[in-house]
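Read in order, the letters of the sequence shown correspond to residues 1 to 328 in the UniProt record's numbering.
In case anyone wonders, no lab produced these hints; they're calculated from the structure. Cβ atoms here follow ideal geometry from the backbone N, Cα and C, with glycine treated the same way. Do not take every clue at face value.
[Unchecked claim] For each label pair, taking beta carbons as the anchor points, the in silico distance ranges come out as: (1) Ser181 / Glu10: 23 to 31 Å; (2) Ile53 / Glu7: 45 to 53 Å; (3) Gln211 / Leu151: 45 to 53 Å; (4) Phe132 / Ala92: 44 to 52 Å; (5) Ala20 / Glu217: 23 to 31 Å; (6) Phe132 / Ser157: 31 to 39 Å; (7) Gly239 / Gln211: 36 to 44 Å; (8) Phe86 / Gly270: 48 to 56 Å; (9) Ala20 / Gln123: 32 to 40 Å.
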Amino acid sequence: MSNETTETNEQLWFEQSINAAVYIGAMAWGVHVAVGYNAIRTIIYDKNKSSKIWLPFVGVVFLMSTINICASINFNQLAWIDERGFPGGPLAFIVTQQNRPVNTAVLATSIITIFFADAFLIQRCHVLWQKFYITGILTLVLVASTIMSILHSIQASRASAVLWDETTLSFSVPYVSLAMSLNILLTIVLTWRLLDFRRRMPLTVTEEVRQRYTSIEALVVESALPYGIISFIFVILYGTGNTGSNLFVPLLVQLHGIIPGLIIIRRVQGHAWSTDTIRRVGPAVHMFRGPQGRSTENGTQATGDVSMFSLGNDPSGHSLDNKAPMSV
Numbered sequence: 001m002s003n004e005t006t007e008t009n010e011q012l013w014f015e016q017s018i019n020a021a022v023y024i025g026a027m028a029w030g031v032h033v034a035v036g037y038n039a040i041r042t043i044i045y046d047k048n049k050s051s052k053i054w055l056p057f058v059g060v061v062f063l064m065s066t067i068n069i070c071a072s073i074n075f076n077q078l079a080w081i082d083e084r085g086f087p088g089g090p091l092a093f094i095v096t097q098q099n100r101p102v103n104t105a106v107l108a109t110s111i112i113t114i115f116f117a118d119a120f121l122i123q124r125c126h127v128l129w130q131k132f133y134i135t136g137i138l139t140l141v142l143v144a145s146t147i148m149s150i151l152h153s154i155q156a157s158r159a160s161a162v163l164w165d166e167t168t169l170s171f172s173v174p175y176v177s178l179a180m181s182l183n184i185l186l187t188i189v190l191t192w193r194l195l196d197f198r199r200r201m202p203l204t205v206t207e208e209v210r211q212r213y214t215s216i217e218a219l220v221v222e223s224a225l226p227y228g229i230i231s232f233i234f235v236i237l238y239g240t241g242n243t244g245s246n247l248f249v250p251l252l253v254q255l256h257g258i259i260p261g262l263i264i265i266r267r268v269q270g271h272a273w274s275t276d277t278i279r280r281v282g283p284a285v286h287m288f289r290g291p292q293g294r295s296t297e298n299g300t301q302a303t304g305d306v307s308m309f310s311l312g313n314d315p316s317g318h319s320l321d322n323k324a325p326m327s328v
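Just need the whole structure built from these sequences, with the hints factored in.
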């Protein structure tokens, strides 16, 4: 008697992808534990009390992602162990039992985690760009994505919900498209701005400061690059109906906690980019004014007007603005 399964290769690969995805997510959760611990420790020991505002954010995101991976593990346990005798086997259980409370918990916690993480990154975009039209567009996409995610969760929790039926897909496809597109947009917007800041970094800064702000590590973390790359791969696979997309679902939820955690660590330590970073690490800004006829401290009359000498302070990217109309 052969012990081989009677399922087709496609069906077997679908089951394998669902099972492997949870293992990948569990490994990512381990990384999230380390990042979350370091973020909380950094916030608590920071002397600046204003940084404590990030404690609830880190705590909520970590709690939601923990519940998410635990619920995903439990759903797999139901499919392959507790209800292995389900008519049609684990495959039928996965496809037809999407309305189980444990799966609803997976969906709900993923929505909350993704919402908080995306809102945090939109706030980072606003800090770095300070352009309301950029913040507004990103916020509108977030709102639309969140609405579709809630509708998808409600649809999936119905008693008749089936994973790949048309009614479920009518909300899941727009939700995935909007959510992943937002992730990609956030990465592009952040990367663009960080590369611009990197280009404008004064040449006079020390190597230590340059490494802190312009290293590959700093760029990867603050641009949320892993976030954008994984989202791009996932949306391509999901859009083409490739089963491999299943592998990235639990991983993406954990990444939505890991990346903001790393950015918060840099932010609390004072290593994160902001619009005044170039001014802080570059040469001091000097102002010289000598209007005609005004006496200086030594009693001499000023005959010229030197308006400003500034380094790294022009949003257009020019590092020097020296205007000195002199009267004869």
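Outcome of the hint check:
1. A beta carbon spacing of about 28 Å between serine 181 and glutamate 10 agrees with the range 23 to 31 Å that was offered as a hint.
2. A C-beta distance of roughly 51 Å is found between isoleucine 53 and glutamate 7, which places it inside the suggested range of 45 to 53 Å.
3. Distance hint check for glutamine 211 and leucine 151: the Cβ-Cβ separation is about 46 Å, which falls inside the suggested range of 45 to 53 Å.
4. The beta-carbon spacing between phenylalanine 132 and alanine 92, approximately 51 Å, falls within the hinted interval of 44 to 52 Å.
5. Judged by the Cβ atoms, the range 23 to 31 Å given for alanine 20 and glutamate 217 holds: they are separated by roughly 29 Å.
6. For the pair phenylalanine 132 and serine 157, the beta carbons lie near 37 Å from each other, so the given range of 31 to 39 Å is met.
7. Taken as a hint, the range 36 to 44 Å holds for the pair glycine 239 and glutamine 211, whose Cβ atoms sit roughly 39 Å apart.
8. Range check, phenylalanine 86 to glycine 270: about 55 Å between beta-carbon atoms, so the 48 to 56 Å window is met.
9. Here the CB-CB span from alanine 20 to glutamine 123 is close to 34 Å, well matched to the stated 32 to 40 Å.
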